[in-house]
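**Student:** Spelled out, the chains give:
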Amino acid sequence: MTIPSDPKQVKAICFANIHVPDMRKLEVARAHGAYEFLPTVLNEFDSSRIIDEVKTAGIRGRGGAGFPTGLKWSFVPRSTGKPTYLMCNADEGEPGTFKDRDIMRFDPHLLIEGMIMAGFALDVHDAYIYIRGEFLHEANILNEAIAEAYAANLLGENILGTGFSMHLTVHRGAGAYICGEETALIESVEGKPGRPRFKPPFPAVEGFYRCPTVVNNVETLSTIPAILKHGGDWHAQIGQPNNTGMKIFSVSGQVNKPGNYEVPLGTPLKTLIEDYCGGLQHGSVPKAIIPGGSSSPWLMAEHYEIPLTFDELAKAGSMLGSGAIIVMDETADVVAVARRLAHFYAHESCGQCTPCREGTGWLERIMMRVEAGQGRPDDIQVLSDAATHMAGRTICALADGAAAPILSLLKHFPEEVRARLVESAA
Amino acid sequence: MSASEQPQFSEARKAEIASLVSRYPGARSALLPVLHMAQEDFGYLSMDVQKLVAETLGVRLMAVREVVTFYTMFREQPCGKYLMEVCTNASCMLNGANELVAHMCDRLGIRVGETTPDGMFTVTEVECAGACGGAPVVQVNNVYHEKATPESMDALIEKARAEGGAA
Ligand SMILES: Cc1cc2nc3c(=O)[nH]c(=O)nc-3n(C[C@H](O)[C@H](O)[C@H](O)COP(=O)(O)O)c2cc1C
Numbered sequence: 001m002t003i004p005s006d007p008k009q010v011k012a013i014c015f016a017n018i019h020v021p022d023m024r025k026l027e028v029a030r031a032h033g034a035y036e037f038l039p040t041v042l043n044e045f046d047s048s049r050i051i052d053e054v055k056t057a058g059i060r061g062r063g064g065a066g067f068p069t070g071l072k073w074s075f076v077p078r079s080t081g082k083p084t085y086l087m088c089n090a091d092e093g094e095p096g097t098f099k100d101r102d103i104m105r106f107d108p109h110l111l112i113e114g115m116i117m118a119g120f121a122l123d124v125h126d127a128y129i130y131i132r133g134e135f136l137h138e139a140n141i142l143n144e145a146i147a148e149a150y151a152a153n154l155l156g157e158n159i160l161g162t163g164f165s166m167h168l169t170v171h172r173g174a175g176a177y178i179c180g181e182e183t184a185l186i187e188s189v190e191g192k193p194g195r196p197r198f199k200p201p202f203p204a205v206e207g208f209y210r211c212p213t214v215v216n217n218v219e220t221l222s223t224i225p226a227i228l229k230h231g232g233d234w235h236a237q238i239g240q241p242n243n244t245g246m247k248i249f250s251v252s253g254q255v256n257k258p259g260n261y262e263v264p265l266g267t268p269l270k271t272l273i274e275d276y277c278g279g280l281q282h283g284s285v286p287k288a289i290i291p292g293g294s295s296s297p298w299l300m301a302e303h304y305e306i307p308l309t310f311d312e313l314a315k316a317g318s319m320l321g322s323g324a325i326i327v328m329d330e331t332a333d334v335v336a337v338a339r340r341l342a343h344f345y346a347h348e349s350c351g352q353c354t355p356c357r358e359g360t361g362w363l364e365r366i367m368m369r370v371e372a373g374q375g376r377p378d379d380i381q382v383l384s385d386a387a388t389h390m391a392g393r394t395i396c397a398l399a400d401g402a403a404a405p406i407l408s409l410l411k412h413f414p415e416e417v418r419a420r421l422v423e424s425a426a
Numbered sequence: 001m002s003a004s005e006q007p008q009f010s011e012a013r014k015a016e017i018a019s020l021v022s023r024y025p026g027a028r029s030a031l032l033p034v035l036h037m038a039q040e041d042f043g044y045l046s047m048d049v050q051k052l053v054a055e056t057l058g059v060r061l062m063a064v065r066e067v068v069t070f071y072t073m074f075r076e077q078p079c080g081k082y083l084m085e086v087c088t089n090a091s092c093m094l095n096g097a098n099e100l101v102a103h104m105c106d107r108l109g110i111r112v113g114e115t116t117p118d119g120m121f122t123v124t125e126v127e128c129a130g131a132c133g134g135a136p137v138v139q140v141n142n143v144y145h146e147k148a149t150p151e152s153m154d155a156l157i158e159k160a161r162a163e164g165g166a167a
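Chains A and B, in that order, are what the protein sequence lines are. Quick note on numbering: our numbering labels position 253 of the first sequence as 253, and the sequence is numbered without any gaps. Quick note on numbering: our numbering labels position 150 of the second sequence as 150, and the sequence is numbered without any gaps.
Simulated from the structure, these hints should not be mistaken for lab results. Errors might be hidden in some of the hints.
[What the hints assert, rightly or not] From the derived model, a few chain A residues whose C-beta atoms are all more than 12 Å from chain B: (1) Lys8; (2) Asp22; (3) Glu27; (4) Phe75; (5) Pro83; (6) Arg132; (7) His167; (8) Val205; (9) Ser250; (10) Pro307.
[Unchecked claim] One-sided and incomplete, this derived list gives chain A residues near chain B with beta-carbon spacing under 7 Å: (11) Gly96; (12) Pro193; (13) Arg197; (14) Phe344.
All values reported here derive from a predicted model rather than from experimental measurement. Note that beta-carbon positions come from the ideal geometry of N, C-alpha and C, so glycine has one too.
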């Protein structure tokens, strides 16, 4: 499927060809338009034109933070004499997120083409895809696609005779959520434990081996070919102002048809759940919804019709994050869900910041006894204090992510927590 | 490999590692990929294997140890021939992962984290596998099984026993 040049007709960008059989093969991908526009970009565009188009497009990072991609690219200092590196973040570790996997296993050439274009804009000669270790199948598919791209001179030296050279390497992680955080990712590709670095300096200025490094999510990079082909203005007309484009939402939990759905930003949450996901497994009103990955504060039924944009979710006190929506219906044990997430963050804390290392452990231990109906009378207060005090006091945002589910539980379901406390005996 | 013999990479592996190293600004960057290779070749990362990796890449043993212990996928102990990793994070839990794990352990007569006495099966709980649309998810030796059920896992165990019998 070619993507329509009328923005109102656009049904998909990253997933436009996801259902084409064998799309992962170069020949098939080419028959569906892959690399068609690449020579034009390499021959007729220059760096500032590409960055301007991406800025005009208004695309905000799809990995979690929603930072404007064009702006990030413009921070890369030029003529420092050091190489610039490009890292694709394919760590996909945020619970609830499973979209990048589909791009990589079904349309790897889309990502590769996006990386070549981004690399060209940023004068990159070595680019890496940091893929979570568990995605072995997807890493193999990427490696096959990359080998085909090298054989066709789409990668390597003097790409398509344009004088631009770029190498692309798939780098597997090994089971550490924290390596999705961009500076931990860089540490990991340097062969170290994934412990986030202080920012600033931001990676765009000082990243991989202390050189300028751009880290972008798979979905972000995969939109670049369409943006450059159709223009930034075209992209800016899809979705909502300041929240432009299509977005893949990974919907899971208690819905009838969980899966990835690419829709324009601004689509109401309820439309996504009812019309795309076949509604809730039980009942008609959700009990709670995690809208942007496990680190995002929960939404309640009153927000069921919220338009899914970065700004609307922020206004509602949550975040769009990676677009991972976990739905809990009326049968869900919200205490058990919060306890399970507390376990996740305690397991995944890298341990370098005390508030996070200690705080996540506390939250888990207390939630375990609460879930078991053995909570102590002051546990609500202790949970609330611990969660409040760890958020915002650490090098990276993992601690904030750990606090969010607990604070959401206490705020919206205090009676369910209280019911699991042992009545004060003394 | 007998106890006295030091583990060695094959010639093909050595060539693969050399080409990998050339793709990074520093050899240490190849540490995670080479540890994956070593684990594939030797089953798990014994101290001897970790020393081999350190020597191969010219990094200190401490640097290797630090990485091996930080990342969950690296194993310092052998596991069963079939490593069954059940995701029990939120979306999988909401779709029966806890019941699934209990069923599998029951069926195999082991607890989470244990290996059957015949060395065939290890069952572990893991963090989000990034396939929540197919919850509950079980990875068996790195192959994803989505929408897993007690029946599908029973069938898998039976098949593995029939195939891998002699253990
Ligand atoms: C704890 C933590 C985990 C993260 N995990 C991921 C991840 O798995 N994938 C991802 O793309 N971004 C992840 N991020 C966000 C990255 O730090 C970074 O913002 C992103 O890769 C930038 O790409 P983008 O601008 O294209 O979104 C994570 C952030 C934190 C704090």
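**Student:** Hint numbers the structure violates, sorted upward?
**Tutor:** 5, 6, 7, 9, 13
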